[in-house]
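Enquirer: Sequence:
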Amino acid sequence: MPARVDWDAESFAQGVNKARETVEDTAYFIVTAKKRTDWESHRAGVELIFYLTLIDYETKVLAQRLMESADDRYVWEKYAALHLHEVLEQAPKVMSEAIREMSRPDTASKADPEAYREAARRFGEALRPIRKDATFMKALSMIRNSVAAHHLDRKTSTMDPSIGWMLTSAMQRRKGEPPLTSQILEYSVKVGSAVQDFGVSVSGKISS
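Residue numbers for the sequence shown follow the working numbering, beginning at 16 and rising by one.
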């Protein structure tokens, strides 16, 4: 059962605003950086930072909507599940690709590949408990493939999984079960923390 924590809506909203500003600033920086003749050498590392700030922002928004629109839990929790699934699948790959690019002998990037490798290793360790939760990972894949990413179940071409998901959400609402009990929310927060830790670890280690 996920740990129960207090919900500070005002503080969380401030965090969402800061996350939005950070990812917007990073996007603007990339537009400027693309004008540099050595952009390709910097691209992987800079786009990794953008990707991580985007994950942080989207995770915060989804958590906020899930907490503040509990009656619409069906919608927000399934998209939180889709987001979590994609982060678990893609983030390690994006990190590895960026590290590979910045490690090339001919790169103009001044980023420290070893610092990124260490940050990626700690990121992987932080995600390991989630990946080892076989029951959760199986359910997450089902939600992704049968409810969130597709309107019909990929195997049966029916709406059965979505019907089941809707009835589960309705039962949770009638019972007054708060979103804070959601395993998807709990693991999303853990992933978000791991992403932030990665960013702190490499802060200042990527050239402008």
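Since the hints were made in silico from the structure, they are not lab data.
Fair warning: there could be bad hints in the mix.
[To be verified] List of simulated lysine-lysine pairs, DSBU-like, C-alpha gap at most 30 Å:
id	residue 1	residue 2
1	K153	K108
2	K170	K93
3	K33	K190
4	K205	K147
5	K49	K93
6	K170	K153
7	K33	K125
8	K125	K153
9	K170	K147
10	K49	K33
11	K49	K125
12	K125	K108
13	K33	K93
14	K50	K125
15	K147	K125
16	K153	K93
17	K147	K93
18	K33	K153
19	K205	K108
20	K93	K108
21	K50	K93
22	K190	K205
23	K108	K170
24	K153	K190
25	K205	K153
26	K190	K93
27	K33	K170
Enquirer: All the hints need checking, so say for each whether the structure fits it.
Expert: Status of each hint after checking the structure:
no.: 1; hint: K153 with K108; in the structure: 21 Å, holds
no.: 2; hint: K170 with K93; in the structure: 19 Å, holds
no.: 3; hint: K33 with K190; in the structure: 34 Å, violated
no.: 4; hint: K205 with K147; in the structure: 14 Å, holds
no.: 5; hint: K49 with K93; in the structure: 36 Å, violated
no.: 6; hint: K170 with K153; in the structure: 15 Å, holds
no.: 7; hint: K33 with K125; in the structure: 27 Å, holds
no.: 8; hint: K125 with K153; in the structure: 41 Å, violated
no.: 9; hint: K170 with K147; in the structure: 25 Å, holds
no.: 10; hint: K49 with K33; in the structure: 24 Å, holds
no.: 11; hint: K49 with K125; in the structure: 16 Å, holds
no.: 12; hint: K125 with K108; in the structure: 21 Å, holds
no.: 13; hint: K33 with K93; in the structure: 25 Å, holds
no.: 14; hint: K50 with K125; in the structure: 18 Å, holds
no.: 15; hint: K147 with K125; in the structure: 36 Å, violated
no.: 16; hint: K153 with K93; in the structure: 14 Å, holds
no.: 17; hint: K147 with K93; in the structure: 21 Å, holds
no.: 18; hint: K33 with K153; in the structure: 33 Å, violated
no.: 19; hint: K205 with K108; in the structure: 19 Å, holds
no.: 20; hint: K93 with K108; in the structure: 23 Å, holds
no.: 21; hint: K50 with K93; in the structure: 39 Å, violated
no.: 22; hint: K190 with K205; in the structure: 26 Å, holds
no.: 23; hint: K108 with K170; in the structure: 27 Å, holds
no.: 24; hint: K153 with K190; in the structure: 25 Å, holds
no.: 25; hint: K205 with K153; in the structure: 18 Å, holds
no.: 26; hint: K190 with K93; in the structure: 19 Å, holds
no.: 27; hint: K33 with K170; in the structure: 41 Å, violated
Comparing the model with each earlier hint shows violations of hints 3, 5, 8, 15, 18, 21 and 27; every other hint is respected.
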